[in-house]
Structure formats: structure tokens, C-alpha cells
Amino acid sequence: MRQDAGSLMYRGRRAVEDAPCVARMRAAGAIPLALTNVPELCLWGDAHNLVYGTTRNPHDTRRGPGGSSGVVPNTGLLPDVGEKMGEYTCVGPMARFSEDLPLVLKVLAGGAADRLRLDEEVNLKALKVFFTETEGSLYFSRVTPEARQAVVKVARRLREVVGSKLRRLHVPELQYAMIKWFKLSAAEDPDLFAKILGPSGLNVFGDLLRILLGAGRHTLAVLAAFKMAPAFRFSRRQDAEEFLASVDALRDRIEETLGDNGVLILPAEPSTAPYHNQDLLFCDSAGMTALFNILKMPATACPVMKSANGLPLAVQVVATRGNDRLCLAVAREIERHFGGWIQPGVPN
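Here the sequence shown is numbered in full-length UniProt numbering, starting from 1 and rising by one per residue.
Each hint should be verified, as a subset may be incorrect.
[Claimed, not checked] Calculated cross-link-like contacts (lysine-lysine; reagent style BS3-like; alpha-carbon spacing at most 25 Å):
no., residue 1, residue 2
1, K195, K227
2, K125, K165
3, K195, K296
4, K106, K227
5, K106, K153
6, K296, K128
[What the hints assert, rightly or not] Label-pair distances were calculated between CB atoms; the ranges are:
no., residue 1, residue 2, range
7, N261, A215, 55 to 63 Å
8, I31, N261, 33 to 41 Å
9, V161, R13, 46 to 54 Å
10, G310, R233, 39 to 47 Å
Just so you know, these hints were derived from the structure itself, not from any lab.
Here a beta-carbon is modelled for each residue, glycine too, at the ideal position from N, C-alpha and C.
All chains should be modelled from the sequences, with the hints used to inform the complete structure.
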């Protein structure tokens, strides 16, 4: 299959062997149908590149479709982001129906599937349910009223199922999640861009001129990411280690609160799907999911309702590491009660 990561630098390159995740799926009887599009070098959220063009949202073609999933390390993918960042950029299941997720996850996880205990029945009535409707801003929140409403609806439904009081969990770090993501990249792998783009990197000014002349070699998103990266570098390795320690401390705090039978419900994104190139101005739309990539905690995104302009709104269900089955069980209940997948073009 083609393996060019949406980059002109790798255009035409083909994989010489299956990545472990692909090999496992094929061995289980899966039939590969197509390759999906990605942002150039997977460095941004909007799936646009100069090889295949732009992926459009079927609910509103002016917007990006979004979409991210991860559990299994990306070993074998190109470009290889290195051992450290490979822990945060993963392959995982996406499905129209929640009932398909455990099977695909079990296959993808391979020998590690036993640790996830996906066949173990989850007693929803024994769950502790925490929720937060916003990113924790005291003054101005980018989470829209409709996105908050989706969380409240799910929380109320789970209160009926669980039969106990819900608890609000304040996670102020959500406000700065994208900053933490960029800092994490700098702390874990300061040479990340050199590995992806080569030692010479990019000539941003030259590439901007090429774009103006219609001969661009990279998307604006890649140029923006390359230009932003130095702002998050650490001058001392000690500072980087202290930052990584703070990430571990945050995860420990949240996991201690949730325990082995707790889930956290919060918006999957602060609003509906962003317009194409909108994230060049506001690059924090993925922050609420990015934080849990940083923390290596499982999260499942679940559609709940449509916005006033007909776009799906989703919540995410977060649990502690190894408790993916809790996320999937709650996802099934959300789907059962709210209807699940929203077909494009169907009126509210």
C-alpha cells in the first residue's frame, strides 16, 4: 500500500511489509478496503495535503472531519516519529457502532489484549461517574453551550443508570492542553522535526513564496508547526524532565480520583467540527482529547446529539490505564440511549 503520509517528500513510496497492526487485522480475517487521507505528515488536525487534497466533512463540506484513535504503538508506520513520541501517536479502532470496538481493539492489541480484560462484564451500576462541561476556564470558555449540553445529557442518563450522585471533576490543565502537547514533543524528542523533515528542516519564507506562486511543497499547517516548535523547546534537560514529571503527577492525580471503577465524561471538542484552516488561527480544538493522549489514558468519543446547524456533537469517556472496557461499556449505553452514529444528510 501507499505510505507517503500525505507528503510530497514521500510521494509514491510503498510499504515493503505490513505494520504490526495491519498484519494482525489481516490475520484475523479483515479485508483492507482503502487508505484514508491524513494531514501532511500527521502534524495537524485538518486532513489536507498536497498529494491527495482535502478530506471534507460529509455533514458540512466546508469543515474537516476530525477523527483520531490510538492504543497500539505505531511501529512500522512512516515517517517513524521515534520510540518516545511513538508512545503518544498510536493506532486504534474507529467504528460506526460501539459493539464493533472491543473486537477490533482485541485484534489490534495482540498479546497485550489479555491485560485489557475486554471480555470481562462491566457492571454500570458500580461505576463512579465524574464529569466536567468545560476546559476549566474561569473567565472565557471556548466550549459552546451545545457541547456543554451534550455532557449534561449524558451525565443525567448515567445518573439514572448508576443510581448514585455524579461528581464534578475540575481539570484546569485542559485549558493549556495543546501547549502541553507541544512541550511534550519538545521534551520527549527535541529532534522530532529533523527526523521527519531531514536535518536541513524547512525554509519557511521560501516555502511561503512557493505557495504564493502556486508551487508549494508543504501545507501552511506544516510550516506553522515547524515555526512554532522552537517556542516550546527546553533550554535545559532538567527543565524537560521536570515537565515530564509534572505530566506523570497529573496522571496520578486523575487516576487516583477515578480509581478502577470510575469514568470521566467531558466534551470531545469544545465545539462542532472546525472549518478548514480554522485551526491555523485557533490550534486548540483538539486540546480536550490531546490531554489524554499525553496522559496515556484511554478515551472513547461518542456522538450524542446534533447541533442547531446539523453537526454531530460528541462527548468522550475517559478511564484509567488498562480500563478501556469501562469506556467501551459506557459508550454502548450512550449509543443505546442517544442513538449513536449520525447519518449525514438526515434532518434533525
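Consistency of the hints with the structure:
no. : hint                    : in the structure
1   : K195 x K227             : 16 Å, holds
2   : K125 x K165             : 12 Å, holds
3   : K195 x K296             : 23 Å, holds
4   : K106 x K227             : 39 Å, violated
5   : K106 x K153             : 30 Å, violated
6   : K296 x K128             : 20 Å, holds
7   : N261 x A215: 55 to 63 Å : 57 Å, holds
8   : I31 x N261: 33 to 41 Å  : 37 Å, holds
9   : V161 x R13: 46 to 54 Å  : 49 Å, holds
10  : G310 x R233: 39 to 47 Å : 42 Å, holds
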